[in-house]
Structures are given as structure tokens and as C-alpha cells.
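Colleague: Sequence:
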Amino acid sequence: MNHKKVFVSWIVLIVMLASVACSGAAAPAESETGVTYDENGIPVYGCLGSAEEALVDLECQEVTVAVENAYPNFNYIDEETGHADGWDYFVITEICRQLHCQPVFQECSWDIMIQSVADGLFDVAGDGISITEERDQIVDFSDPYSTTIQRLLARKGEDRFQTMEEFVAITDLVLGTQTGTTNYETAKGYLPEERINAFEQYPFAVQALLSKDVDVVLIDDEVGGGYIEENPEDLEFIGPDIASDSLGLIFPEGSDLVEPFNLALAELASNGFLAEAETKYP
158 MNHKKVFVSW IVLIVMLASV ACSGAAAPAE SETGVTYDEN GIPVYGCLGS
208 AEEALVDLEC QEVTVAVENA YPNFNYIDEE TGHADGWDYF VITEICRQLH
258 CQPVFQECSW DIMIQSVADG LFDVAGDGIS ITEERDQIVD FSDPYSTTIQ
308 RLLARKGEDR FQTMEEFVAI TDLVLGTQTG TTNYETAKGY LPEERINAFE
358 QYPFAVQALL SKDVDVVLID DEVGGGYIEE NPEDLEFIGP DIASDSLGLI
408 FPEGSDLVEP FNLALAELAS NGFLAEAETK YP
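In the numbering used here, the protein residues as written are 158 to 439.
Just so you know, the hints here were simulated from the structure itself, not pulled from any lab data.
Beta carbons are placed, not taken as given, at the ideal position from N, Cα and C, and that holds for glycine.
Treat the hints with caution; some may be incorrect.
[To be verified] Derived DSSO-like pairs: lysine-lysine, alpha-carbon spacing no greater than 30 Å straight-line:
#1 369 - 345
#2 313 - 369
#3 313 - 345
#4 345 - 437
[Said to hold, decoys possible] Cβ pair distances, simulated, as ranges:
#5 193 - 411: 28 to 36 Å
#6 314 - 398: 32 to 40 Å
#7 369 - 306: 21 to 29 Å
#8 433 - 193: 22 to 30 Å
#9 433 - 212: 12 to 20 Å
All chains should be built: construct the whole structure from the sequences, respecting the hints.
Modeller: In C-alpha cells, the structure reads:
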């Protein structure tokens with residue numbers, strides 16, 4: 158993740174994005190670097206790779222990719238450049254180079270993303286989606302490409318509790334997380350719903366933690382680590398790992414893209430590209 162972003166600016170951005178459900182790319186404009194972006198800062202690509210070198214030749218097929226643009230380090234808008242960045246852009250464009258296709262990134266809010274893919278409105282979605290049996294009933298998953306750990310994100314110097322069990326025992330404390338996530342499902346396994354404040358986006362949850370409106374946030378370690386680096390004097394992880402999730406890309410059920418994407422992910426794992434992505438977007 159690019160940690161030059163300012164947290165308060167994130168909140169302004171998310172308020173703007175909250176009014177958008179799913180939207181297509183607008184008329185592109187060329188940046189000073191020569192990369193083309195639409196009016197929302199999303200890169201616009203032509204056909205990537207070549208038929209001669211493709212693992213599977215998709216013949217320049219357009220592949221629509223749902224991204225939230227509010228979930229660092231997987232996808233976000235860089236506050237300095239105004240351009241979208243993150244693991245999803247870095248990896249999925251490389252997958253299309255391997256498959257000779259054209260990625261078309263489109264913003265979609267998290268609360269409807271999985272169902273939108275299930276309904277065939279998008280060909281694939283990134284966003285660090287955890288593989289679960291419930292989700293597997295309505296979408297197809299790629300092979301796992303990474304594993305994430307759920308952890309407690311707290312204000313620096315928290316001394317009332319150090320574990321989830323200690324947090325649960327203090328009955329007036331409130332936990333923040335994001336609605337519709339496996340973090341939320343994990344929280345419900347520990348706490349009654351009246352002690353869980355589920356936000357539409359994680360920046361809201363972290364801001365609530367900083368303003369003391371919630372007492373802790375249950376969050377994936379990769380994402381929480383980014384907020385710690387942005388606010389090193391104010392935030393820290395506490396306690397042991399809470400849960401572990403395997404992550405996969407999602408597709409409409411029966412999609413003929415699943416097998417080619419799995420082949421490409423396997424190639425990127427073997428040639429070191431996924432390791433490079435983990436380093437670039439830790």
C-alpha cells in the first residue's frame with residue numbers, strides 16, 4: 158500500500174464513494190506519465206499481452222473487474238495522484254497479460270459486490286474476498302492466492318484488555334468492524350449484536366476508534382497494518398490472532414474464466430510475481 162495517503166482525506170473520499178453503488182468507467186484522460194485514467198482515477202487499459210505468449214488466449218476479451226476503491230491495500234485512490242492503485246490493479250492487469258485480455262475496472266460498493274458478481278454484472282471481483290461456504294453457494298472462487306489474519310486494532314496504550322476474551326468480559330465495550338465481512342461474522346461469534354458497530358467501510362470504523370466511539374476494531378492484519386503505519390502514534394495491534402481466512406477472486410457461477418485465471422495465478426506464484434505484489438502492497 159502507498160502510505161502517503163492522509164487518513165482524514167480517506168474519510169472525505171469514502172463519503173463521496175458512499176453515494177455510488179456500481180459505476181462504469183467514464184471518458185478517459187491521459188496523465189503526465191502517459192497512463193490513461195478515467196474521471197474517477199481508474200486506469201483504462203487496452204488489450205494486454207499477446208496471443209503468442211498467452212497461457213490461454215482470451216482473444217482480447219473484456220473482463221469487467223469490480224473494485225471498491227476503498228479497501229487498502231487491495232484497492233484505493235492515492236491521495237497525492239488521485240489515481241487508483243493496489244494489489245488488485247497490480248495483479249489482475251498482470252493476469253490479463255498472461256491471458257491476452259482487457260481488464261475493465263469498475264467501482265462497486267462492498268455491500269452489493271458479491272451479489273452483483275453472482276448476478277453476472279461483473280466478470281470478476283477482487284477486494285480481498287474471504288473464501289466461505291456461504292459465498293461459494295452463489296459465486297465461484299479462484300484458487301486461494303493469499304491468507305489473511307483477523308486481529309484486534311486498538312488505540313495505542315490500551316490497557317483495559319489484551320485479548321478478545323478479556324474484551325468480551327467487559328460488557329460495556331463496543332467493537333467496530335465492516336458489515337458483510339468475515340470479520341463481522343467472527344465478531345458475532347463472540348459478542349451480541351448490540352455490542353458490534355458495523356460500518357459500511359473500514360475507514361469509518363477506524364475513525365470511530367480514533368474518536369473513541371468504539372473501543373476496538375476487528376480487521377484483517379494487512380488492512381489494519383496500513384492504518385497503523387498511517388497513525389503510528391495512535392494505533393496498534395493487540396493480542397493474538399483471532400481467525401484466519403483464505404482469499405480468492407470471485408466469478409459468476411459456471412464462469413469460463415475460472416480455469417484460465419487459476420492457471421495465471423499459478424504462474425504468477427511460481428515466477429515470483431505474487432511475492433512481489435505482497436512486498437509492494439504489504
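Colleague: Confirm or reject each hint.
Modeller: Hint check results:
no., hint, verdict
1, 369 - 345, "21 Å, holds"
2, 313 - 369, "12 Å, holds"
3, 313 - 345, "25 Å, holds"
4, 345 - 437, "33 Å, violated"
5, 193 - 411: 28 to 36 Å, "33 Å, holds"
6, 314 - 398: 32 to 40 Å, "21 Å, violated"
7, 369 - 306: 21 to 29 Å, "25 Å, holds"
8, 433 - 193: 22 to 30 Å, "24 Å, holds"
9, 433 - 212: 12 to 20 Å, "18 Å, holds"
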